[in-house]
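Chains as they are written, first to last, in the working numbering: chain W, 1 to 342; chain A, 1 to 294.
FYI, nobody ran anything at the bench for these hints, they're computed from the structure. Backbone N, C-alpha and C define an ideal beta-carbon position, used for all residues, glycine too. Do not rely on the hints blindly, as some may be mistaken.
[What the hints assert, rightly or not] Just some of the chain A residues that point at chain W, by a computed CB distance under 10 Å:
#1 87
#2 90
#3 97
#4 138
#5 140
#6 143
#7 227
#8 253
[What the hints assert, rightly or not] Partial chain A-side listing against chain W, Cβ under 7 Å, derived:
#9 104
#10 238
#11 268
[Unchecked claim] Here are the simulated distance ranges between beta carbons:
#12 136/A <-> 195/W: 51 to 61 Å
#13 249/W <-> 213/A: 15 to 25 Å
#14 34/W <-> 185/A: 51 to 61 Å
#15 23/W <-> 67/A: 57 to 67 Å
#16 3/A <-> 173/W: 52 to 62 Å
#17 195/W <-> 1/A: 57 to 67 Å
#18 185/A <-> 188/W: 26 to 36 Å
#19 3/A <-> 146/W: 28 to 38 Å
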Amino acid sequence: MNWLSDYFDIRRTDAIWTVLLLAMTLGLPLFISNNYYLNVLVLVFLYAGMASAWNILGGMAGQFSLGHTAFFGTGAYTSTLLYNYLGVSPWLGLIAGGIVSMFFAVIIAYPAFRMRGVFFAMATLAFGEAIRILLIYSRKFVDMPYGLSINWEPGFSRMIFEERSSYAFLTGGFLLIVTLVAYGLSRSYIGTYLRAIRDSEEAAVAAGVPMRRYKMIALLISAFFTSAGGTILAQYVLYIEPTSVFSINYSIDLPLMSLIGGIGTVAGPILGAVIALPLRDVLLELFGGAAAGMHLVIYGVLLMVIVIILPDGLIGGVKSLLRRLQRGQTSGNRTTDKRGRK
Amino acid sequence: MQLVLQLLMSGILLGGVYALAALGLNMIFGVAKIVNFAHGEFLMLGMYAGFWLMVLTGINPYWGSPLIAVVFFVLGMAFYWGIMRFTIYSTELTQVFTTLGLSIALQNLALVLFSADYRTIQTMPDGMSSLQFLGFHLSTDRVIAFFFAMAIFAGLILFLKRTFTGRAIEAVSQDLMAARLMGIDTQKIFLITFGLGISITGVAGAVLVPSFYAFPSVGTFFVLIAFVVVVLGGLGSVTGTVVGGIALGLIESYVGYFSPDLKEATHFILLILLLSIRPHGLLGVKGAEKETLK
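Generate the whole structure from the sequences, applying the supplied hints.
Here's what the structure looks like:
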């Protein structure tokens, strides 16, 4: 029963990684007072939370979305419009944005869930782009400035804070909630169903898993929390515009972080965000002086190398390294081999 | 009536160009089952190659295209041998992010080397930039690019159907295992396919630069167009790419005339609709969209 022990082993190590990562990072705002590092920390928490949200759909359920910018931007826009024009508290705006995003999710789900793999990715990519273009187009009919700025009036009910550390606690709380949800899901029967769907849709359906319903559940949860991240970022930056919050970069960064850390695990997206974001900053500091964009050239090359060398992410890489050391063998243990299985 | 026909003509010309821009993507997808997210960046490099060739040596991109084809053939082979070779049996996720990583790197490399300026060239003398044909106004550069596209398509189809290597490529695209069992050196076939695919993409970029601006992130625009064309025409189908390109060109031409702001949105809505109604495209093989299961 080797596979059984392996299965529980994965769950246990994942939990340990998660607790370790959260314990190491969530306490940091208490000790850091430097604004620059606090800013990095806020963004790490925010991206880690959203990457975890992406991972519920993309990692656990295997539905590889490249359109999460649609939910992110919707969250940012809904709460900001509600706040600026109707004075609704962003806390309520966050919920409202989540609901609107879930509505969009239902719309895209109808065509997208008929597709698989890279086709699902392309359809969601197109969806994210279409929403941005339609938003810009809608300005012909409604009187709305291109960019929306939020007045800086600190107050808890306005979700605007004087201290940067408060934002760190806010985003840290966001990360904690998303992680708890993701962990709860992964340990519940829903997580089991989602993994079954990811590994083989045919087998899952044959075993009686209501596939569409559970894919939809994963999508809705994922959309809601990504949207919440959008609201929080809007309250942090206090300025949004279509090209910034509906940027394709969010659609790419979230899955990327999950992939670097270890896709489908609870700890993976957090680890990925902790590594990828500061890495970009460090590269910018090292090479930014040479020429604009130089640091991203190196970032792109590093990505390729990481993705090729560690297809199961850092967590998977560490695990297989440990296993190799344990058994003293050098053969890899790749679990996924698209064509090798034929 | 005149207007409808004028839009028809320019739509077909634009469509031919779009088809050429998408062909390399479809070829690599058809044979290696890899969706190359860095496709747009190779097109961007082709545009810069055409631009610099004209600026530095005065050779216009049409005459220079054989040179660009050779350079990009080598570049494509290097792309396969240096990077994609390691991912050919990996999951889709690995492939998507390897090519996305390359796309980030190339886009910023272009920014470092060529700056963010918008660049274009004028290949035709002032009086000859547009043609009069049966009372229609057509851009000379577009007409030339269209003929380039058709010539490349004809050449590629002949190559695939008539030569031994071409048939081997077809065989690999149909069934990798069977092809390998028949003694086809699949590594070599992948190498040639990537070379050809990137070579065509480079030439496409070079003939595009007189009518589109070249800038480091232009690839993002074209890669999405290429996705639409490929899905519209059918994955892995060369003829389908032509049909898909022209269909998209026509749609864009008509929508663009009546409501220019919605032009881009139509691409994506069309892509989503198509993927949901007819995911194998107009001429694609049914079931191709399920081919890329892990």
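Honestly, do residue 3/A and residue 146/W meet the 28 to 38 Å range at C-beta? At roughly 33 Å between Cβ atoms, residue 146/W and residue 3/A fall inside 28 to 38 Å, so the hint holds.
Could you check if residue 253/A really has its C-beta closer than 10 Å to a C-beta on chain W? violated, 18 Å
Does 51 to 61 Å hold as the CB distance between residue 34/W and residue 185/A, or does it fail? 58 Å Cβ-Cβ, so the 51 to 61 Å window holds.
Please check whether residue 87/A passes as an interface residue: C-beta within 10 Å of a C-beta belonging to chain W. holds, 6 Å
Look at the Cβ atoms of residue 136/A and residue 195/W and judge whether their distance stays inside 51 to 61 Å. holds, 59 Å
With respect to the beta-carbon atoms only, verify the hint that residue 185/A and residue 188/W lie 26 to 36 Å apart. violated, 49 Å
Measuring from the C-beta of residue 138/A to each C-beta in chain W, is the shortest one below 10 Å? violated, 28 Å
Holds or violated: the 57 to 67 Å window for the beta-carbon distance between residue 195/W and residue 1/A? holds, 60 Å
Just to be careful: measuring from the Cβ of residue 227/A to every Cβ in chain W, is the smallest value less than 10 Å? holds, 5 Å
Let me know if the C-beta of residue 104/A comes in closer than 7 Å to any C-beta of chain W, holds or violated. holds, 3 Å
Is the interface hint satisfied for residue 140/A? The criterion is a beta-carbon contact with chain W at less than 10 Å. Because about 31 Å separates residue 140/A from the closest Cβ in chain W, which is outside the 10 Å limit, the hint is violated.
Taking the Cβ atom of residue 249/W and the Cβ atom of residue 213/A, is their distance within the range 15 to 25 Å? Distance hint for residue 249/W, residue 213/A holds at roughly 22 Å.
Hint check: violations occur at hints 4, 5, 6, 8, 10, 18; the rest are consistent with the structure.
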